[in-house]
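Turn these sequences into a full structure, and let the hints steer you where they fit.
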Amino acid sequence: MHILSLENEVIAITCSWCKRSYHNKVECFSSQCFEKSCDRGDLKEVIVPPTWIQHSNQNQTRKRKKVAKRKKRRLFRIRPVPLDDGTWLPSQPLLVFVNPKSGGNKGSKLLHTFCWLLNPRQVFDITALKGPEFGLSLFKKLASNLRLLVCGGDGTVGWILSALDRMNWTKYPPIGVVPLGTGNDLARCLGWGNSFSDEPLAELLNAVIHETSITYLDRWNINVEANLRISNVQADEIDKAAQNALTLTVMNNYYSIGADAHVALQFHHSRSANPQMLNSRLKNRIAYGGLGTIDLFKRSWKLLHEYITLECDGIDLTSKIKEFKFHCILFLNITYYAGGTVPWGNDDDEKYRPSSCDGKLEVLGFTTATLAALQMGGKGERIAQCTHARITTNKAIPMQVDGEPCLLAPSTIEITFHSQVPMLRREKKSNYMPGNLKKQRKISKQQRSSSSSQVPSIPTSYSLPVLLTSSIDYNANRDNLERLKVAALEIGKIHVEAETELDIVRQKVEKLIADYSNSNIGSNNEWRFLDYVSSAEEGVFRVHRYQEQFMTLSDICCLEECIMILNNTLVRRMHSSNEASNKIKKNVSDHDICLNGDTLHITFQCDTNEAHL
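Letter by letter, the sequence shown follows residues 1 to 613 of this note's numbering.
Warning: the hint list may mix true and false statements.
Unchecked claim - What follows is a set of in silico ranges between Cβ atoms, one per label pair, in the way DEER data are often shown:
no.	residue 1	residue 2	range
1	S272	N24	49 to 57 Å
2	L129	D39	26 to 34 Å
3	K493	G359	27 to 35 Å
4	T293	S461	53 to 61 Å
5	E381	G359	18 to 26 Å
6	E381	K351	12 to 20 Å
7	G41	N223	47 to 55 Å
8	K508	E225	42 to 50 Å
9	E350	S144	29 to 37 Å
Said to hold, decoys possible - Computed list of lysine-lysine pairs in DSSO-like fashion (alpha-carbon distance at most 27 Å, straight line):
no.	residue 1	residue 2
10	K171	K360
11	K351	K395
12	K44	K109
13	K360	K379
14	K106	K130
15	K360	K320
16	K44	K19
These are computed hints drawn from the structure, not numbers from a lab. Just so it is clear, CB atoms sit at the ideal spot from N, CA and C, and this is done for glycine as well.
What follows is the structure, encoded as structure tokens:
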């Protein structure tokens, strides 16, 4: 709550969450307003409630075996719990990453405004935290409903995607973009515009909720191997500054070789030497244009065709490069390039129309003249559309991946499909009606089904053992996962997809329990899932029944290990079995011994009782 006062007199009162303001008058505000629960206003669908943020107990000293390097304990964690009225809001929690260094001083201004409009715990300064990993790890268990908003350039978006790759997220949240960079080609492609135009952030957040649909972005692997076939004379001529690997190995926007990468490399060196001179979008574009003009007359890479071979989908296209004597080769994944140009052009034929989610790359060639003409509406020379490309160089040549340039030593470069990630496309502004959101979700599902039919998908079906543990073992070993696994009982295996929601997994597990012959397990509704991955450094935690509709299987377990469940009634039933075993007569008629995994199961049978140890 914020209070506006003048000379010790309260004038107005504003709620920190819903942002409603009241005059300090009886007819406008009264003490009864404090008793009403806040609905968090128009942005309730994206604001993380304060009740979801729980402080960690600093006095606990939980440890895990086989962890060599300890992680720094977090001061708080995210635990979704139902609100006072029993609802589960927000339905689309939004995580905001801001790069304050982008867009002049706009990034830092956006950071403060987002902290005011949203919960400050869901807004992160990506530079102060040295990356997005901290924020992503906090909200990983909400991956199935989470959305990301990235405030920065195309490089910042790539930074987020690379972090998701390193953290092994099996399901990526859709990503929206607030364009603060220099080129912003990806933001243009997704309908977010070429730059941020000081739109009120409250309207922007409402647009994220009501004016976006989910599309997909192809990503490509770029594998580099040294070219060992060059002669000794050529090897002696290699520039000492040449690298043996690219700065980035996964491409999101484009990859180019030759003249344009040469200009990008010069600009990179200039900005590194004088960062204070190139600290705004306008200055960057002017410097980039000046370097490009100089290269237009020098034609530094007019002999590129003599140092390169190209193969697309198994077809050798080197002859076309030599015929046109290209100075630059471009592999384009999105529609826009170099600050808003459209080098492929608009194609009426659906077969050749470029798309960021068709599983194909557009390959184009340029001379320095046609590169300069791009800014005036010119087009490149189309070489091919392909799903696989192979380039071989016999000279150190400038190259760039998503704007990150380098001078690469003679190499063989292979481009292959990596994955598809969901992105938020901003549609044209329209009056929001309750039915619109359902329609957009329906369209996004159709897009997902059509794109999955075109691009080879990675299998995500797993056969996982289900381990059952008692509350005594859980309380004693919740800080030691390996010991808890040893004490647990394997009741069988289920076949399930990685991103299956837990309420569906529950049905499969209940069927497994019903088929299991051990009567000690108890009724189907008396067990809970155990989460041992989202906060691994802090221990193993129970998953509340209400949380199952918001979480998937990959949120709580390692897909290469097992599913763990807890039965609170198992202790009582095991005690009753132990009492029965004490009454067994000495002359046992039969006994069975079975070794299952790492656990030894011994069953004693007599005329009246049976005990499971």
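Hint check results:
no.: 1; hint: S272 to N24: 49 to 57 Å; in the structure: holds, 55 Å
no.: 2; hint: L129 to D39: 26 to 34 Å; in the structure: holds, 31 Å
no.: 3; hint: K493 to G359: 27 to 35 Å; in the structure: holds, 34 Å
no.: 4; hint: T293 to S461: 53 to 61 Å; in the structure: holds, 55 Å
no.: 5; hint: E381 to G359: 18 to 26 Å; in the structure: holds, 23 Å
no.: 6; hint: E381 to K351: 12 to 20 Å; in the structure: holds, 19 Å
no.: 7; hint: G41 to N223: 47 to 55 Å; in the structure: holds, 49 Å
no.: 8; hint: K508 to E225: 42 to 50 Å; in the structure: holds, 44 Å
no.: 9; hint: E350 to S144: 29 to 37 Å; in the structure: holds, 33 Å
no.: 10; hint: K171 to K360; in the structure: holds, 22 Å
no.: 11; hint: K351 to K395; in the structure: violated, 36 Å
no.: 12; hint: K44 to K109; in the structure: holds, 23 Å
no.: 13; hint: K360 to K379; in the structure: holds, 19 Å
no.: 14; hint: K106 to K130; in the structure: holds, 19 Å
no.: 15; hint: K360 to K320; in the structure: holds, 20 Å
no.: 16; hint: K44 to K19; in the structure: holds, 11 Å
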